[in-house]
Every structure is written in structure tokens, then in C-alpha cells.
Amino acid sequence: MHARRLLTDDLRDAFADQLDRHRRMVFKVAHTYASGAADCEDLAQEIVVQLWKAYPRYDPARPFSTWLYRIALNVGISHLRREGPRLRQTVPFDPDQHVQTAPDTAATEPARLLTRLIAELDPLSRALLLLYLDERSYREIAGILGISESNVSTKINRLKERLRRLGDLHGTR
Amino acid sequence: MELDDLKPYWQAIDLELERSLALNLQILTETRTRRARLRLLPLFLLQPVQLVIGVAVTVYCAQFWMANMGTASLLVSGMALHVLGIGLIADAAMRIVLITRINVTDPVVTIQRSLAHLRHWEIRSFKWVWVTVWALLPAMLIVVARSLTGVDLWARWPAGIGWLAVGSTVGLALSYGFDVVASRRWPDLYVGHSIAWAQAALDEIEAFARE
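Each protein sequence line maps, in turn, to chains U and C.
For the first sequence, position 42 (counting from the first letter as 1) is numbered 41 according to the working numbering, and the numbering increases by one without interruption.
Position in the second sequence counted from 1, then plus 98, gives you the working numbering.
Okay, chain U solo, but in the shape it has when bound (with noise of 0.2 Å):
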């Protein structure tokens, strides 16, 4: 009993650790699937609950960063999904709202522009963006979503065709 509280101290000291170091892409995939601060602030909890009961299964051979995304991600995706409805009828994800600590950097129109584009896409296209825009290799972030390559770059250059088209609509360019 004594042995294995030990261990499940060690283990919950080595995940506290990774999650330290790893903790603003858990921030990103909450910001991203989450409407208003209260709610990124649950789901980035939710995340972490779901990780750390992952934990003990984690291959430390595998980079921890693509095992963190997809289920971080997967997290992400089934809330939105299940709380689709209430979400709608609550204020969509603003980062004027969000983020109160500078609101100079959020109110900016790129800013804005982003959050449209975010508001605007499914689950899986949001995941795609989210991991573009964190600057992961096309071969990485076919890792974490279970596609090949090429469709990375292909739904990547869509992605890039309807944000100028957004820009456009929005008189952004």
C-alpha cells in the first residue's frame, strides 16, 4: 500500500513536471473549443483531469507534445460537440471578453480576424489551424490528427484561401 502510494507520488511528480513545461498548449486547445474565460478555465481543468488519467499508459519514447495535443485536442472537440447548443446561445469566443489582462494585444483586428475564423470551422478544422498557427511541422501535425501529409497541406491552403476570403468580407487585408 505504502509502495504504491510512493509510486503514484512519483508518477503524479513526473506528469506535474511534463505539464508545467507543456502547460500553454493546454491554454491553446482550451482557448480554442472554449466560449468565455469561465468555460476555457473548466475545460482546461477537464483536459488536464484527462491527461494526467492517461498518464500511465504515456510510451516516454514518443514525444510528449504529440501525445499531450491528441488528447488535449480529442477533449476539445467532444466539448464543443456535447456542449454545442448552450455554447451557441452564449457569447462566442472573443478575446476582448477572454482575455482581460491585456486587452490592447486581443482587440486588434488580425486578433478579431482569427476569432472569426476559429468561430467559422468544425471541430477538426479548428484542431488543423490551432496546430498551423502553433508552427508544427506538416509531418507532426499529421501525426496528432491521423491524416496523411498531403492532406495537411491541401486543407491547409484551403484554410489560408478562406481566411482571405473572411479578410475580404471583413475588409481586412
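Calculated from the structure, these hints are not laboratory results.
Bear in mind the structure is a predicted one, so any value in this text is a computation, not a measurement.
Just so it is clear, CB atoms sit at the ideal spot from N, CA and C, and this is done for glycine as well.
Away from chain U, derived, C-beta distances all over 10 Å, residues of chain C:
no., residue
1, 152
2, 160
3, 165
4, 253
Label pairs and their in silico Cβ distance ranges:
no., chain 1, residue 1, chain 2, residue 2, range
5, C, 282, U, 36, 31 to 39 Å
6, C, 144, U, 161, 36 to 44 Å
7, C, 105, U, 15, 25 to 33 Å
8, C, 146, U, 156, 45 to 53 Å
9, C, 102, U, 36, 23 to 31 Å
10, U, 52, C, 263, 47 to 55 Å
11, C, 238, U, 81, 34 to 42 Å
Let chain U serve as the given structure and place chain C on it in line with the hints.
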């Protein structure tokens, strides 16, 4: 505006999020993990329970109709419930397969596809159970009455069984009507509960996976 032009803004939002949000690692030892586990518990526990019920119904009804082969009403009722029992077994087995296929560390599209298949199956099987319960109500009554009292209700009270069949048909029609009206009147309540929604989610995932 190009997609790459948004990267600096994404990084800025990222930094701000880090400043404004905090992860509470205390939750790893608290009620939240227990709640998360409990939410999954019915999914895992209900399947073996349904499997046992299905086997019990199948075995009992097989014996029932074999023992009553000379009476058409008892034979047909027993066989109908026998098929229901096999359906319950197949449904539970399918759910177990779909649930065990889900591995949280698989790629996102793989898991989302598995979850969508499971949800699609759950919604469809729930509707089928609903239809079957209404349709087999007279058969259930005949088998139960025979088993408990030895009375053949169809022979003793044919008009009553006939009226029960009419009632079942009306109940089924009303349920279907309510389903159609409610899904149009309160679509948000039906998101996540309609076959059309589940199929749309599956189609969306397949479209994403295709080039």
C-alpha cells in the same frame, strides 16, 4: 491578410492566456477525477448487465417456445421475445466492441470517428428498443401470463390482446409523432440525440479525413 500573418497574434494571445489562466493540479487528487471516472462507469457497467439480460431472455424464451410448439400464440410470442433477446446480446456486444476500440492516445480523427460511430449506434439502438418495446408489448404479456399463471391470454382473452395490440400501435405512432415534432420545435434539445445529428458528425469526420 495571410494565415502566416496571424501567427504573431496567436503567440500574443498564447502569452496572455498563460498569464491569465492557471492550472490547478490539486484536482488530480480530488473529486473531479472521481467524477470523471463515474461518468464513464455506466458506459462500462451497463453493457455486461444488458448482455446477461439478453442471454437470460434468449434462453428462457427458447425453452418457452419449444415447450409450447402446439399453440400458435405462445409459439409466436416466445419466438418474438427470443429474437428480442438475441438483439439485446448483439447490441451489447457491438457497444463493447465500439467502446474497447477507443484508445485515448490514438490520433484525433481515429478517436473522433470511433466516438461518432458509438454515438450513432447508441442513438439508433435506443430508437429500436423504443419501437420494439411498443411492438412486443402483447407478446410480453402473453409470455409473462403463461409463465406466472399458466393462462394462455390469447385463447382466454383474444379481444383484450387485440385491444392491447391496437394500443401498442397507437402508442408507437404517438411516440414517433412526438419525436418528429419535438426535434423540429426544440432542435437544440435534440442535438446529440438524433440519428441525423450523429450521421452529420460522422460525415464531417469522413470529409475531413478525405483529401
